[in-house]
Every structure is written in C-alpha cells, then in structure tokens.
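There are 2 protein chains.
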Amino acid sequence: MKTRLFTPGPTPVPEETLLELAKPVGYHRSAEAKAILAELTEDLKYVFQTTNTVVTITSSGTGGMDAAVSSSLAAGEKVILLTAGRWGERWRGILKAYGTNIVTVEVPYGKAVTPEMLESALKANPDAKAVFATLSETSTGVGHDLEAFGKLTSKTDALLIVDAISGLGAMECHTDKWNLDIVVTGSQKALMLPPGLAFVSVNDKAWKKIEANPVRNFYLDLRRYKKSIAESDTPFTPANTLIKAQRASLKRIRAEGIENLWARHAKMGNAARAAVKAMGLELFAERPNNGLTVITVPNGVDGSATLKAMEKKYGFKLADGQDNMKGKIWRLSHMGYTDAFEVLGAIAALELVLIEGGHKIEPGVGVAAFQKAFAAK
Amino acid sequence: MKTRLFTPGPTPVPEETLLELAKPVGYHRSAEAKAILAELTEDLKYVFQTTNTVVTITSSGTGGMDAAVSSSLAAGEKVILLTAGRWGERWRGILKAYGTNIVTVEVPYGKAVTPEMLESALKANPDAKAVFATLSETSTGVGHDLEAFGKLTSKTDALLIVDAISGLGAMECHTDKWNLDIVVTGSQKALMLPPGLAFVSVNDKAWKKIEANPVRNFYLDLRRYKKSIAESDTPFTPANTLIKAQRASLKRIRAEGIENLWARHAKMGNAARAAVKAMGLELFAERPNNGLTVITVPNGVDGSATLKAMEKKYGFKLADGQDNMKGKIWRLSHMGYTDAFEVLGAIAALELVLIEGGHKIEPGVGVAAFQKAFAAK
Chain A
-7 MKTRLFTPGP TPVPEETLLE LAKPVGYHRS AEAKAILAEL TEDLKYVFQT TNTVVTITSS
53 GTGGMDAAVS SSLAAGEKVI LLTAGRWGER WRGILKAYGT NIVTVEVPYG KAVTPEMLES
113 ALKANPDAKA VFATLSETST GVGHDLEAFG KLTSKTDALL IVDAISGLGA MECHTDKWNL
173 DIVVTGSQKA LMLPPGLAFV SVNDKAWKKI EANPVRNFYL DLRRYKKSIA ESDTPFTPAN
233 TLIKAQRASL KRIRAEGIEN LWARHAKMGN AARAAVKAMG LELFAERPNN GLTVITVPNG
293 VDGSATLKAM EKKYGFKLAD GQDNMKGKIW RLSHMGYTDA FEVLGAIAAL ELVLIEGGHK
353 IEPGVGVAAF QKAFAAK
Chain B
-7 MKTRLFTPGP TPVPEETLLE LAKPVGYHRS AEAKAILAEL TEDLKYVFQT TNTVVTITSS
53 GTGGMDAAVS SSLAAGEKVI LLTAGRWGER WRGILKAYGT NIVTVEVPYG KAVTPEMLES
113 ALKANPDAKA VFATLSETST GVGHDLEAFG KLTSKTDALL IVDAISGLGA MECHTDKWNL
173 DIVVTGSQKA LMLPPGLAFV SVNDKAWKKI EANPVRNFYL DLRRYKKSIA ESDTPFTPAN
233 TLIKAQRASL KRIRAEGIEN LWARHAKMGN AARAAVKAMG LELFAERPNN GLTVITVPNG
293 VDGSATLKAM EKKYGFKLAD GQDNMKGKIW RLSHMGYTDA FEVLGAIAAL ELVLIEGGHK
353 IEPGVGVAAF QKAFAAK
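Residue numbers (this note's numbering), protein chains in the order written: chain A, -7 to 369; chain B, -7 to 369.
Keep in mind that a hint or two might mislead.
As the list claims (entries may be wrong) - Computed footprint of chain A on chain B, listed as stretches where at least three residues anywhere in the stretch have a Cβ under 8 Å from a Cβ of chain A:
(1) -2 to 8
(2) 15 to 27
(3) 182 to 190
Unchecked claim - When the alpha-carbon atoms are kept at most 20 Å apart in a straight line, the in silico EDC-like pairs for lysine to aspartate or glutamate are as follows:
(4) B:K318 / A:D225
(5) B:K15 / A:E7
(6) A:K26 / B:E303
(7) B:K88 / A:E203
(8) A:K309 / B:E24
(9) A:K304 / B:E24
(10) A:K309 / B:D225
(11) B:K305 / B:E334
(12) B:K88 / A:D213
(13) B:K15 / A:E8
(14) B:K309 / B:E348
(15) B:K(-6) / A:E24
(16) B:K305 / A:E223
(17) B:K197 / B:E139
(18) B:K300 / A:E24
(19) A:K15 / B:E303
(20) A:K(-6) / B:E24
(21) B:K309 / A:E24
(22) A:K88 / B:D213
(23) B:K143 / B:E164
(24) B:K318 / A:E223
(25) B:K320 / B:E81
(26) A:K15 / B:D225
(27) A:K88 / B:E203
(28) A:K26 / B:D315
(29) A:K26 / B:D312
(30) B:K37 / B:D196
(31) A:K219 / B:D315
(32) B:K26 / A:E303
(33) A:K300 / B:E24
(34) A:K318 / B:D225
(35) B:K219 / A:D315
(36) B:K219 / A:E7
(37) B:K304 / A:E24
(38) A:K147 / A:D213
(39) B:K26 / A:D312
(40) A:K243 / A:D35
It should be emphasised that the hints constitute simulated quantities derived from the structure, not laboratory data. Ideal Cβ placement from N, Cα and C applies to all residues, glycine included.
So here's chain A without its partners, still in its complex pose:
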C-alpha cells in the first residue's frame, strides 16, 4: 500500500531535496557553505517578502519563537497575546517562561481574533511592548488578518511578532508591506523540508528593541545570528545538510513564483472546503486558511477511529485534533509539496471510510464538488 502524509507538518518533501540529504556531508565553515547560506537567505527573503535580515536557527519552530521572545523582551514588560488555539498557547507558554506581563485576547477554538479586538487591546494598553499573533492557527485551521493587525501596530511602538510557522508559503504573507516586525517560520511546512530549521525575519523597529534588551539567552539570542549572517555564517554549527536541502526546495518555490504558490494553495483550499460541505460535513474554522482544512467530526462518528481506519486501509495519514480537541476534528493539510490530485485522493478516502462506517454520504459527492470547485475560474 502507498502511504501519503497529510499532516500539517511534517509535510511531503520533494524527491530532489531528499536526494540532496543523501549526499556526503561538507564542512560548515567553508566558502562553499557560506555561498549556500547566502543563496538560501536571499530565497528566504523572497518567501518572506522582505528586505529584512532573515536568520537561520537549527531548532524546531518553537526555538525560533523562543528566540523572538527572549531576544526582544525584558522580564515584566507588557505584551498583548492574541490567541485562538494551541499555537497561541505556545506563545503564552514562552511568554510566561520569560516572565512577561501578558494581556490576553482570547477567542474559542475555531474562531479568529479580529482586528477590532486588537484595536481595543492596544488602546487599553498603550504601554504594550509587543503583540503576539499567529498567521495560521494550525490547531483549528483559522487564518488571521495579519495585514489589518500590522496597520494597527505600525501606528504604535509595539512590535508585531508573528508565528507564521505553518502559514508562510501556503497563504499570502507580506512581511514588509504588512509591517510585520518579527516573523518566525519553520522548515517542515510549506517550505518542503524535514523539521530541524527555524527562520526568523527581523526588521529595524524590532532590532532597535532587541539591541537594547538585556541578555536572556545564549543559543537563541538573535543578536548572535544577526552578527553571523552579515558574513553569511551561523554562530553555532548549523544543520548544514538541511540548509543545503532547503536551498533545493526554495528553488522550487522560486521557479513556481510566490504568487502562483499562494494561488495554488488558495485553489486547493477552496476545493477542499467545497468537498467538505458537499459531503454534509462542517468546517471547523470560521476564517479558514489555505494551508489546511479542518473538519468537525460529525455527531455519532468516532473521529480518532476514522483517521486510524483511513491510515490503515488506504494509507492516508491525516492529523487528529491535539490535546482536548482529539477526536473532535480532522486536520487535512494541503501545503507544500502536495497537489490537488493528492488532496482529491484524500477526500475520496475520507468518503470511503465514512461510508464504510455507516455514515450516510452519496459516493462521489465530495470528489465531484472538489473537481467542480477546482475547475472553476
């Protein structure tokens, strides 16, 4: 049986990138290694849509988030946290660890934080040093209106610090045009690499705050990465084979073009949502993003068992809900090296297991709706 990965990270990796990982390892302080990192950094700037400094950290995406917090904030400083799910809570965990004074703007799972909520919070907290937001809340499928958030924070002294780990590349994101001061992403989502690298874009407004911040970390202190990247280098031995392979995956994005990449994800997301509705199922996210489609498990259906059956019988690996969402939602990723025909297959497999489980669905309604939406202009 063929197996197919539809989890919202890790995602499938292109064959030429995987083969890059099988090549002999080189020295990370050579001229060749610096040229590779320089090229990677340029391509990352393209993906981030920025002229900012972009640094590469050997860590999980959370390492990049920690770097953003610990490098830019002193203990006791006030921040506004916008949270709509588990990844907003990840920000909260990091902010708590570093002793910041957190003002929380929280919405239930499945909902999105609105620009109006941020506007009120900024008004009530003019002394906030930063706002923490999530581009794609992967735990619920919600996408946030970062453009509107940036319009609000850019009028204040507060930094807008964004977790774009699962969103960047899969949905429109303009770091510079939208005034996103710090943007964090990871290698294992739409950037089509295995996990292991975090990338962080930092603009001048943020560097100013960071340069004045007390030292709170060593390995994740962004100042060290800034100093090194100015010479196309890293402060610590990096995962250099992942860096070389990331370059290969970014070449694929360059070749496709970022606007085309966004449009392709939008088209896949739109078709997936149409299929879900045609199958009589409900979308969990009120403001869905194009990187993944999150489906509410219908009453009377065992959500976790359904996913296990899909994997065992048809080889499609979707993601369950996390923590207290387990069994309540299905998360179908369509970001990165995944095309519409594969998503169509996942819809077909979901139809099949639901029908086999006794759920009333007319075979073909989902795939037909997917095809219809996909074919539309």
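Since the structure of chain A is provided, determine the placement of chain B on it from the hints.
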C-alpha cells in the same frame, strides 16, 4: 578528484545513514516515531554508558550546553569553569549570558586542566554549585581526565557538567562509573550523523538541582524534555529524519561494540601521533585525545596555505586553528566513520604538500611510522 573530510565535526557519515535521510518523511507523533526514539534513546545510553535519562534536542551542540546551564543554575550562583581552549570559552560565554558567578581555572591553549587544579578550586569554593569541563578540547586536541574530575566532584554537592560533544564515542567515557552528572554531546562527531541533534544525559543528582531551579528558558528547559522522553516523545517537533538516521549510525556502534570503538580510535590516534613525530613535527596537545591529532605548524611554514594546498591538490580537508590559533595548528580528525587507511592517506597528503613547499621531509617517513605503530600490538 575525490574529496575527504577530516574536520573535527562534521565528520563523514556512513552510506546507509545518508540513504536513510533520503527516505520520505513521516509523522513525528506516530507510534512508529515513538518506537524509533525509544530505540535511539536506549542506544544512546549505551554510548554514554549510563542508565540516566538521555534527552534528544533539535539544536547544535551549543544548544545542549545552553540547556545544561539554563536548566540547572540560577543567576548569581557560583560555578567553577575549567577551560583549556575555545570550547571551555563556549561554556564561559553561556555562563556569562545566564549571569552565573564564574570562578575560572584556565590553562594556556595546548595544556590540560589537571585534577589537582580542580581539587584546589573545590577547596577554595565549597559553595560552588557546578563544575564545567570539556572531555575533548577540540580547539587544541587536549583530552581531560574526567574520571579524576568525577572522583572529586562526587564528594561535593557540585554538579560535574561535561561538554563531551567531540569526545563521546571517540574516547573512553563512562558517564555513570565516572560520576558525570550532566553530559552533553552532538550528532556530528563520533556519532556519525550530520549536525542538528544534541543529546544530554542527566543523573538524579542533577535532576534534583534542575527541578528546584527557577524557569530560565523555554525551548531548552530540560524539564520539558524529561517529561516527554518518559513517553518516548519530544516536547517540540523534532528533526525526525535526523533521529531516524541517528538510529542507523548507532546500530553501527552497537555492532562494533563501544570498547572496540574506543580501541580503534586509540589505535588510530596513536598511529597518527607516531607519524607526526616521525615527520619531525610537533604535537600541540600535551595530553592528546584520540578523536583528533593537532599538529603545531613548524616555523617558516604558512599553516593556512598548506591546508588550502592539501585540499585543492589532494582533496583532503583538514581544519585550521580557530580564531587566534588560525595558521598556527593543523587539526586532523579521526573520529567516527573514518578508518586507519584514510588517516594514512591524510598523512601521505600532508607529507606531499610539505615536501612540495620545500620543507625537508624524507618521503614515506610519516606513513611508515603510521603503519609501524598501527601494526604493533
């Protein structure tokens, strides 16, 4: 031309491990992923020679060192730093970043810190909470007597915290028998993997201190890793393809046997040192370790130009000295997936470039001495 890597990290990676890295990526929260991490952890314990908890962090080796410091020490606490080179200075940088009160025991580059020095320092500083040491000081080729250090610290409340990044696997190291409380290593040295993973062994004495320590970090807080590894899991999305590949390289160590691995490195190191002396060159380290051989550049020879010529003409990539040691020493690694016949080749290449540069060496004295030492019982 064939190219060969003799830098003390990264080191060559076995072919079956590289091919593992080229396989499709899996989901990191699956039962299969947990089984892989559990197996890896067992094999790591074997390499560490410990029954302690061993955690896997997605980071450079320095990330593991940072985790050891930030997880176990509060600001202002007194520590004894034993430093004999650049990697002792890396400990210092981290200790400074976290505001510890550092008592430094320092010897010049090329020398080793002695157990007597540590004994005096412990006597003079009974309130020291930890001692920081380096197994293999890769910047100079020195190896430290960790067994003797452990005998001293085990009689005190101070933790012995060891950077074994380039030493573990290449030289004898008994975490439990020697009373090493925290031991940090990295994937890219004798463990035969590309860079990207750090492994940290923590014993009960250290956990006791860590559990009582204030929270100072998020991503690198060892408590999070302890909690996860109890369920064969990681707190954050790990570099799961590196983990799977590390398992393959550790299988090789298991098959060889740790004592045989140490003996093989000892034999290679011994032969390399014999070759160096036979060529009329000097060893830089007064207490050389078996992971690498560090050679003093003779008067009148351009050290950096010689290495460049070796690489360009013969494809052998050795490492230069770092920072202010640049041009003054040559560092020839023989750890991990490197055998005696390859080191013999490196000795031959060094002989050739030196002769071509006008240095007086009888062709063959180095390789003959290597062979003679290697053949001896």
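Point to revise | Earlier hints that do not hold, by number | key: 16, 26, 36, 38
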